[in-house]
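Here the structure of chain L is known, so what remains is to put chain E in place on it, guided by the hints.
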Amino acid sequence: MASIESGRVCIFGAGGPVAASAAQSLKNDYELRLTDLRDVNDILKGEPQSKDAPMPEVPEPPHEWRCVDVTDYEQVRSAAEGMDALINASVLRPDPVLAFHVNLIGAYNVMKAAVDCGIKRIIHTGPRHTRLNHEGDYWYDFDISDDAPLHPGSDLYALTKYLGGNVVRVFAEAHALEVVTFLYCGFNPGDGGDLKDGSGIGPYFTSWEDTGEAFRYGLRATKLTQPYEVFDIVANLPHGKYSSAKAERILGWTPKHNFERLYKSKK
Amino acid sequence: MKLLITGADNALGECAVRHFSKEHEVRTVGRDVDLRDPVVVASLVEGVGAVLHLDGYGADVTLDEFTLLDRSARGTYVLMHAARDAGVGRVVVVSTLDMFEDYPGDYVIDETWRPLPKQDAASFVPMMVELTAREFAREGGIEAVCLRVGALDASGTPEADAMKAIEEALKLKFNRHGYQWGLFHVHSDGNRFASMMLTNPLRMQEQQAE
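Which chain is which? The protein sequence lines are L and E, in order. Here the first sequence stands for residues 9 to 275, numbered as in the numbering used here. Here the second sequence stands for residues 42 to 251, numbered as in the numbering used here.
Next comes chain L alone, as it looks inside the complex (with noise of 0.2 Å):
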């Protein structure tokens, strides 16, 4: 299994922060294909998705943006033509129609893509909701592994990425792939931004950092042990919850912020 250390990337939801974040961690070892459905222009106009939250850069050469729609296969495919590695972080959340288009199409389209350009590299992301209040979730659970099973029940959000996921993993498994898979659930700059020490901290929480280093370790892992693989993407937190071990056993990512000011008590 070769690193991929350097070489052509193409990531498909690129104005989004996730993705963002990844740019900004790749953008010195890698030629970077960010791909978003509008121009980075139009993006940066608007409103980041959540305060502190990254947004895309315009890229300079060789770097390039290039407007793609995830739930067109030719646009998909003409995307990735050349690449070494693929990255999709494209994500819909809320619109019940758009949603299954780029969380269940996009992701069978960016698969199909990958197999159809000799890419076997993928880093796919998706959500951990760690709470959606149905007998099948594990917000009352402790130790929850990197591949327990997702049960989105019919949370849109949740449940279309999770058909997503399923796509890909029975791409992943057919065509022997090398794909990663990063679940995240909430964000916070690394310091913790506005957010007063000791106000505490949810279970699954990410540094906007920590979360596009881990794409760099994704590129470069060659000790995957099978052609899916899933991982948290998380900070150590005290809860007993959720780990970032696997993705430190694996990948060689550990998380630089852990949001100690926020759980510890002001006294």
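Just so you know, the hints here were simulated from the structure itself, not pulled from any lab data. Be aware that one or more of the hints could be misleading.
Label pairs and their in silico Cβ distance ranges [to be verified]:
#1 D161(E) x D47(L): 45 to 53 Å
#2 S273(L) x D143(E): 51 to 59 Å
#3 A184(L) x G90(E): 15 to 23 Å
#4 V80(E) x P246(L): 42 to 50 Å
#5 S58(L) x E208(E): 34 to 42 Å
Note that this is a predicted model, so its numbers are computed, not measured. The beta carbon of each residue, even a glycine, is placed where N, CA and C say it ideally should be.
Relative to the frame of chain L, chain E by itself:
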């Protein structure tokens, strides 16, 4: 009972309409009706006691990949939502044993085995239907039974067996708490496909012995 049958114009659906019309009031939906439309689907499930969601059996390969994936997943999502909201007691979804073709031919496969659909949109259709229906059942508020069937002939799932299985799926009592989801393989070749979910699942062995 009033039954809604989707996929009424595919091979399985036509059989089901003929069979269940004898004793039930049947409302049928073919491929000309878009199950992705919440307004349409809400009217379809109104007053219905159970839904036979057969739309995923035998994917319409004339459709483009986008539509196949969207209809199977989002159509099932809309249907399950509407059925739950309308208080429909039971949804029977039919999937296909084709998802297991890539296992070696001498393996005996039951419901505990992971499906291995081929990597094209049509082959993903039954998986999308199953997973979506199951997640609604997991969340609660609706009961769902999934039947995986083969080709509608002696080498797969003879029509009579398929109809018997659906009958039993409609009547199945869940003797447990928690989410109400049942999954059964229905196939005439016991050397290839087994069903381990119950000692005598859906009375298929009795049927074959007659």
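Review point. Does the structure break any of the earlier hints, and which numbers would those be?
Key: 1, 3, 5
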